[in-house]
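A.B. asks: Listed below, chain by chain, are the residues.
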Amino acid sequence: MSEATHITVGEVSAWVRAFAVEMAAQKEALTALDSAIGDGDHGINMDRGMRAVVEKLDTGEPPDVAAFMKAVGMTLISKVGGAAGPLYGTFFLQFGSTAPADDLTPDDWAVCFAAGVAGVRSRGKAELQDKTMVDALQPAADAVSAALGEGASFADALARGAEQAEEGARATIPLVARKGRASYLGERSTGHQDPGATSSALLARCAARTWAA
Amino acid sequence: MSEATHITVGEVSAWVRAFAVEMAAQKEALTALDSAIGDGDHGINMDRGMRAVVEKLDTGEPPDVAAFMKAVGMTLISKVGGAAGPLYGTFFLQFGSTAPADDLTPDDWAVCFAAGVAGVRSRGKAELQDKTMVDALQPAADAVSAALGEGASFADALARGAEQAEEGARATIPLVARKGRASYLGERSTGHQDPGATSSALLARCAARTWAA
Amino acid sequence: MKKLINDPADVVTESLKGFAAAHGDLVRINYDPAYIVRADAPVKGKVGILSGGGSGHEPMHGGFVGMGMLDVACPGEVFTSPTPDQMLEATKAVDGGAGVLHIVKNYTGDILNFEMAADLAGGDGIQVEAVITNDDVAVQDSLYTAGRRGVGVTVLCEKIVGAAAEEGKDLAAVAEVCRRVNAEGRTMGMALTSCTVPAAGKPTFELGDDEMEIGIGIHGEPGRERLPVASAREVTERLTTPILDDLPFASGDRVLAFVNGMGGTPLIELYVVYHELMALLAARGITVARSLVGSYITSLEMAGCSITLLRLDDELIRLWDAPVHTAGLRWGA
Amino acid sequence: MKKLINDPADVVTESLKGFAAAHGDLVRINYDPAYIVRADAPVKGKVGILSGGGSGHEPMHGGFVGMGMLDVACPGEVFTSPTPDQMLEATKAVDGGAGVLHIVKNYTGDILNFEMAADLAGGDGIQVEAVITNDDVAVQDSLYTAGRRGVGVTVLCEKIVGAAAEEGKDLAAVAEVCRRVNAEGRTMGMALTSCTVPAAGKPTFELGDDEMEIGIGIHGEPGRERLPVASAREVTERLTTPILDDLPFASGDRVLAFVNGMGGTPLIELYVVYHELMALLAARGITVARSLVGSYITSLEMAGCSITLLRLDDELIRLWDAPVHTAGLRWGA
Ligand SMILES: Nc1ncnc2c1ncn2[C@@H]1O[C@H](COP(=O)(O)OP(=O)(O)O)[C@@H](O)[C@H]1O
Ligand SMILES: Nc1ncnc2c1ncn2[C@@H]1O[C@H](COP(=O)(O)OP(=O)(O)O)[C@@H](O)[C@H]1O
Ligand SMILES: [Mg+2]
Ligand SMILES: [Mg+2]
Ligand SMILES: [Mg+2]
Ligand SMILES: [Mg+2]
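Protein chains in written order, with the working numbering: chain H, 1 to 213; chain D, 1001 to 1213; chain C, 2001 to 2333; chain U, 3001 to 3333.
Since the hints were derived computationally from the structure, they do not count as laboratory data.
All C-beta atoms in this analysis are idealised placements derived from N, C-alpha and C, irrespective of residue type, glycine included.
You may find that some hints are simply not true.
[To be verified] Pulled from the structure, derived: some chain C residues nowhere near chain D, Cβ distances all over 10 Å: (1) Lys2017; (2) Ala2130; (3) Arg2238; (4) Asp2313; (5) Asp2314.
[To be verified] Calculated lysine-lysine pairs in the DSS-like style (CA-CA distance at most 25 Å, straight line): (6) C:Lys2202 / U:Lys3002; (7) C:Lys2202 / U:Lys3092; (8) C:Lys2202 / D:Lys1079; (9) C:Lys2017 / D:Lys1079; (10) C:Lys2092 / D:Lys1079; (11) H:Lys79 / U:Lys3017; (12) D:Lys1027 / C:Lys2202; (13) U:Lys3202 / H:Lys27; (14) H:Lys70 / U:Lys3092; (15) U:Lys3202 / C:Lys2002; (16) D:Lys1070 / C:Lys2092; (17) H:Lys125 / H:Lys56.
Looking at chain H on its own, in the form it has when it is part of the complex (with noise of 0.2 Å):
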């Protein structure tokens, strides 16, 4: 078992804020991905997408992470359409709707962000190797929970969870996809990172940075 750190709503606001400055960042990269097997608008929408969620915070935070997550999901899912808007909308909604009322421990925030991943495979129904978010999404659930579960601080258990997910991001390379607009490409959609796959690592490094020892 981890030592049980009090995961504050003020720290996942922190990550939250940070993914935020990561698509801004990282808009012109993701939409060269999606230019090339998709129609060239993961960083648009995301940076769009997150910059309404920072708007929406700034002019008040929920007071605990339930009612926080949720917020960030719905607003996601009202500002980016596409697929990646519902995908990630849901991934938080669901991170939210799992989240106790008060402060997290580190299994919470495990349990939290697992049923955020399986809220996004259960509305995308993508299989591991689908070429999508959920093969840099589920790698660093499991990794987290696998870690946490050996005993790991919460900060290596979310080192492990990022290393994973880039792992996982970098291994949809040679894959084939099988969802989304890629998938209308068959074979030609191989040698390219998925933009999805992507963006997923990136919150997966943004959480490892916020809680780092």
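Given the coordinates of chain H, assemble chains D, C and U with the ligands onto it according to the supplied hints.
C.D. replies: Just chains D, C and U with the ligands, lined up with the frame of chain H:
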């Protein structure tokens, strides 16, 4: 008075067919002139029309000059369209309806040609110097009658007519167009030779060649 | 040249054949000489309405043949006026005994060919009146030009005059309505790209990636001025101001506002222009009583638009609203 | 990028405002969230018909809102599906108590957002059925793709289903008609040029002066194959054969033949393609009972076309012929 040569329908036919050959040969050149100040189709229009005339004649030539020239005029009117169709059509129609029943004298020819020019002018309402075919046709008509009046041979008279027509066509270069599409350009129409005046000068030149001594 | 055509020499005929196949319920097509005529022509006792011109402006004119608009249209070669023999046969085909109105766009070629057709028809004892449209404010109207070109107002004339004829007005009255519409309407157009005449195979004029041509006609004639591309707001302003000043349109006027696409410009852009136009007219106190937005008088695949304003009165509104059933314009039927 | 727009970020909203100004008699527009709704919505006791998708396909979908077709349309950003909150508000706006049908083009983004909207609407006690259109034969339909894209048939669904709803059919019956139209229809498209998303500022794909792309979608997605430009005859054949073989259409079938322009291709060319299509269908013994030729489901200013064939029966013909009154399609009213 000029000596009473007999101008046969066969000679008139040779003139018209020579003009058809000339229009095919000058198609690109005339179209280029029209591109500069019009819509770039004068050569296409004249070639299309004169081809149709020759096809019609090949199915059987009318017996006399009057019928012959009316047939030429009607064919141009029904095949060319645009400004040149009715104008050249009118020229040949008027030439034909002015022609006597039997062969023509040079004076008859001059009167018929002048009638054709008058027809063009009343149809198109163009004055001299308006930068149109009239600037070639009128000088040709005047020169031929004048020459015959001074006792010149038909061949010499036509040669003078052709020279004046060519001179008139060249003289359109500095003019500002006041009729037809070119007039939309206003001042920008100067510096280009008028395509219709150019084709008309070729008509006069073909006559001179046909009846050259 | 990138076009969905076969031999450039056949494009007009093949397109007519496709049109005939698609709209056999509305029209019959004669190919030699070429004209598109109302399936139920001639309509006994009704003034026949004929228009025509070069092809490449679709749906004008063939797309406007039908109940409440044209009885017959004469298509010429691309951008070349049709010929008198075509017009004569077409005139005969729609003479229901009340005479035939020729609606002629003001281009020398069209004028001369229509004049000859009218002479020939008169010779055959058919009463013909011709009305010339010349609404293009981009051309200065003076003794020293062939005068203003007939453009967007022609479409509105054809609709309104068609309704007047359906009402049973006589030839003189129908021609009078046509002259009034032309007198009350003004147009100006612009191009973002040139167009390519199939027979020519290359663009009629060259336009840089950052240039636009203001004051163009509908045959790729050069325009009034060439400028750097500008916003829809600025373009709309450049087209509308000369129109407003020319009639002039005044505060309190009721107008029909017509934003026309040149062939290659999609609706999403035309509605942006229409939005800008509404702002300009509101600022001048001009009321938009009716509107038309779409590609109705085109220049092949040219990208660009034209704006036409027509000052309306109650009669013109009633005639505009009257039922029309053609391939290109349809309502109330 | 040459377009008649202002700030690319405003093109959708400004175009909507222009549309609202031009068609205030037909529709009301809500801007936040954005939807275009029938002026007389909700129609008591009638099944509400909702569709939506990215903008840039005009007149689809907003141009099809009105009597006999859609009750409401949700426009997204250019080529980006709209959002569930939009769809939820739009669904509420047209629920006349008989439930609401969502017509969804098969793209992951559209599917996911519509699914969430349906969940939300269900939560609010509104009965919603969703039907997915997926008629694009250019995409192989397999477990290993997101499936075929929804394209031209969507337009025909919206017309026919709209008529079914006006007839008073209940939600299940209306949805059934929609599924039948989708099942009986097939489409394939091609591009002569790419298109430029305003926010991107450069063409979505590069195409040489002598190249065309066969099997494109309506978002500038790359197609099935890139070939040298060919005649209208060859292009029509390349689009039609896969359609005919896929359903398959058989001798004796009656079809609706729909030749659609992608936005930058003029009517004169679409009728040439239609003429070629008629020849191909006649050779197969297929009867063309109804037709539609024009630019109805577009890809911004892309030059090109798509061909859709829909197998008809008496009921579908009756519903197709039923009155419709929208900005984009109108007859019998
Ligand atoms: N069915 C799905 N399940 C999970 N992720 C998906 C699915 N479909 C698409 N994605 C993800 O969405 C990303 C594309 O997002 P984005 O470009 O914003 O949306 P769109 O494809 O609508 O333009 C893809 O890179 C992929 O990772
Ligand atoms: N009103 C007119 N009177 C006499 N000639 C004219 C008149 N208008 C035009 N033209 C002649 O017609 C020529 C153009 O012919 P063409 O290009 O075949 O017709 P269009 O101008 O219809 O394309 C001009 O060069 C000019 O000489
Ligand atoms: Mg994308
Ligand atoms: Mg010319
Ligand atoms: Mg011409
Ligand atoms: Mg997208």
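A.B. asks: Please go over all the hints and tell whether each is borne out by the structure.
C.D. replies: Going down the list of hints, with the structure as the test:
For Lys2017 of chain C, the shortest C-beta to C-beta distance to chain D comes to about 20 Å, beyond the 10 Å cut-off, and the non-interface label holds. Against chain D, the non-interface label of Ala2130 of chain C holds: every CB pair exceeds 10 Å, the least being about 14 Å. Against chain D, the non-interface label of Arg2238 of chain C holds: every CB pair exceeds 10 Å, the least being about 18 Å. No Cβ of chain D approaches the Cβ of Asp2313 of chain C within 10 Å, the least distance being about 32 Å, so the stated non-interface status holds.
For Asp2314 of chain C, the shortest C-beta to C-beta distance to chain D comes to about 36 Å, beyond the 10 Å cut-off, and the non-interface label holds. For a cut-off of 25 Å, the pair hint linking Lys2202 of chain C to Lys3002 of chain U stands: about 20 Å separates their Cα positions. A threshold of 25 Å between alpha carbons decides the hint, and for Lys2202 of chain C with Lys3092 of chain U the separation of about 53 Å lies outside it, so the pair is violated. The suggested pairing of Lys2202 of chain C with Lys1079 of chain D holds, with an alpha-carbon distance near 24 Å, which does not exceed 25 Å.
Only pairs whose Cα atoms come within 25 Å are accepted, and Lys2017 of chain C paired with Lys1079 of chain D is accepted, the gap being roughly 21 Å. Under the criterion of a C-alpha separation no larger than 25 Å, the hint pairing Lys2092 of chain C with Lys1079 of chain D is consistent with the structure, at around 19 Å. For the given pair, Lys79 of chain H sits about 20 Å from Lys3017 of chain U by alpha-carbon distance, which is consistent with the 25 Å threshold. A threshold of 25 Å between alpha carbons decides the hint, and for Lys1027 of chain D with Lys2202 of chain C the separation of about 17 Å falls inside it, so the pair holds.
Our distance criterion of 25 Å between C-alpha atoms is met by Lys3202 of chain U and Lys27 of chain H, whose separation comes to about 17 Å. For a cut-off of 25 Å, the pair hint linking Lys70 of chain H to Lys3092 of chain U stands: about 23 Å separates their Cα positions. For the suggested pair Lys3202 of chain U and Lys2002 of chain C, the alpha carbons sit about 20 Å apart, so the restraint of at most 25 Å is met. Proximity of Lys1070 of chain D to Lys2092 of chain C is assessed by CA-CA distance (about 23 Å); at most 25 Å being required, the pair is judged to hold.
The hinted pair formed by Lys125 of chain H and Lys56 of chain H fails the criterion: a straight-line CA distance of about 30 Å is larger than 25 Å.
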